[in-house]
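Visitor: In case you want the letters, here they are:
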Amino acid sequence: MYSEPHGALIDRCLRGERQAQFQVYHLYAKAMYNVAYRIVQQAQEAEDILQEAFLDAFLKLGTFRRESSFGSWLKQIVVRKAINQLRSRRELLFSLDQTPLAEEDPPDDAWDSGDSIEPIVNALAYLPEGYRTVLTLYLFEGYDHEEISQILGISEVTSRTQYARAKKRLIDIIHNRTVS
Amino acid sequence: MMNLEDLVNKKREDADIVHPSPHLWNRIESQLPADSTKPKLNWPPLAVAASLLLCIGIGYFWGKNSASGTQSYADIKALDPQYARQMAMYNGVIQEKRKTLASLKAYQPTLYVTFEQDWRVLEKSYQELRDTLPNHPNQEELLKAMIDNLRWQSDLLEQQVRILENLKSPPNTDELA
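So the sequence lines, in the order shown, correspond to chains A and B.
Residues in the first sequence are numbered consecutively from 1, following the working numbering.
Residues in the second sequence are numbered consecutively from 1001, following the working numbering.
Certain hints may be false.
From chain B, some residues computed to sit far from chain A (all C-beta separations above 12 Å) [unchecked claim]:
#, residue
1, Val1008
2, Lys1077
3, Ala1078
4, Ala1088
5, Ala1102
6, Val1113
7, Gln1117
8, Val1121
9, Ser1125
10, Gln1127
11, Glu1141
Output of the computed footprint for chain A on chain B, the stretches with three or more beta carbons under 8 Å from beta carbons of chain A [stated by the list, open to error]:
#, stretch
12, 1017-1024
13, 1132-1139
Pulled a few chain A residues facing chain B out of the computed Cβ check, cut under 10 Å [said to hold, decoys possible]:
#, residue
14, Arg15
15, Glu47
16, Leu50
17, Gln51
18, Leu55
19, Ile120
20, Gln150
These aren't lab readings, by the way, just hints derived from the structure by calculation.
Ideal placement from N, C-alpha and C gives every residue a C-beta, glycine not left out.
Work the whole structure out from these sequences, hints included.
Guide: Next comes the structure, spelled out in structure tokens:
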């Protein structure tokens, strides 16, 4: 069984202790808000997602089986809600990009745009939703392509292809923004 | 040369650049079932009013006689009840963590003293903000600064508790192997 760093706190939340719930909120709110924001790129929507995710987590804490950390369980809830939000906007479309990546078009692996992460996070706003979702899940949230394929209901190959394309586009965006 | 994945891995902590609104917790709390640790009161309004008066009275004298610890939020509540609620919450968390930290003092007495000095600095600046609040021209900003300060105190204490707890427990042989 996974050893939960905040096990005692989670137990108190299970008993419905407000102070413990506040502490859990305090521990995870910023990180989870950023997870949601990177996907939906809209502050109000990200807040609504966060609100619903914490409510779900507190009200359904009994279903948390402690096979992973509370943090990754909560993140799954946030990611699922963020993707549903994109789906409700009808913006999560992969249909145009299902073709395999051409051999002659390998993604540019080298990174020569400084060692700050901020330009990367800011450039996410300029990526199409499909690219952005796969890229954030892989690059920032640490899911592998198998997990992403399950989360998004796409094939693992599509996840890899989308990621490679998204990465290439992201690097182009950052270069163009730095040049102009 | 580094690639994109390496950079993001290395700088992952800097990727969280946006903050949720300070009132989000209040929105969440308003939809949660009542606090299980608080007994439900079923008193007639007059009794509530009388006991409130008594509490205010006791609180006033308590406030006069105690240096810190319990805090009064009446004036903050008048300015912004949501901030007052959060401050009371943070204060509860901070008191709780200080107690936990004190219970670990015996394991690392010297380190504990250094830790205490660290959070006392933050506590002092909170008190300075608190003292300027009544006459400050921009109270909204000051309240935000106070909330930030309480969050930092809480974060700092959390880190300190974690450090002392790690030093207390015997080394994990799996990790060393």
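Visitor: Against this structure, judge whether each hint is valid.
Guide: Hints, one by one, checked against the model:
1. Val1008: 5 Å, violated
2. Lys1077: For lysine 1077(B), whose nearest Cβ neighbour in chain A is about 17 Å away, the distance exceeds 12 Å, so it holds.
3. Ala1078: 22 Å, holds
4. Ala1088: 10 Å, violated
5. Ala1102: 17 Å, holds
6. Val1113: 25 Å, holds
7. Gln1117: Glutamine 1117(B) clear of chain A: closest Cβ-Cβ about 23 Å, beyond 12 Å.
8. Val1121: 21 Å, holds
9. Ser1125: With a cut-off of 12 Å, serine 1125(B) remains clear of chain A, as the shortest Cβ separation is near 19 Å.
10. Gln1127: 21 Å, holds
11. Glu1141: 20 Å, holds
12. 1017-1024: holds (count 6)
13. 1132-1139: With 0 residues closer than 8 Å to chain A, the stretch 1132-1139 of chain B misses the three-residue bar; violated.
14. Arg15: This interface hint holds because 6 Å falls under the 10 Å limit.
15. Glu47: 6 Å, holds
16. Leu50: 6 Å, holds
17. Gln51: With Cβ-Cβ at 5 Å, under 10 Å, it holds.
18. Leu55: 6 Å, holds
19. Ile120: At about 7 Å, which falls below the 10 Å cut-off, the nearest Cβ of chain B leaves the hint on isoleucine 120(A) intact, so it holds.
20. Gln150: This interface hint is violated because 21 Å lies over the 10 Å limit.
Comparing the model with each earlier hint shows violations of hints 1, 4, 13 and 20; every other hint is respected.
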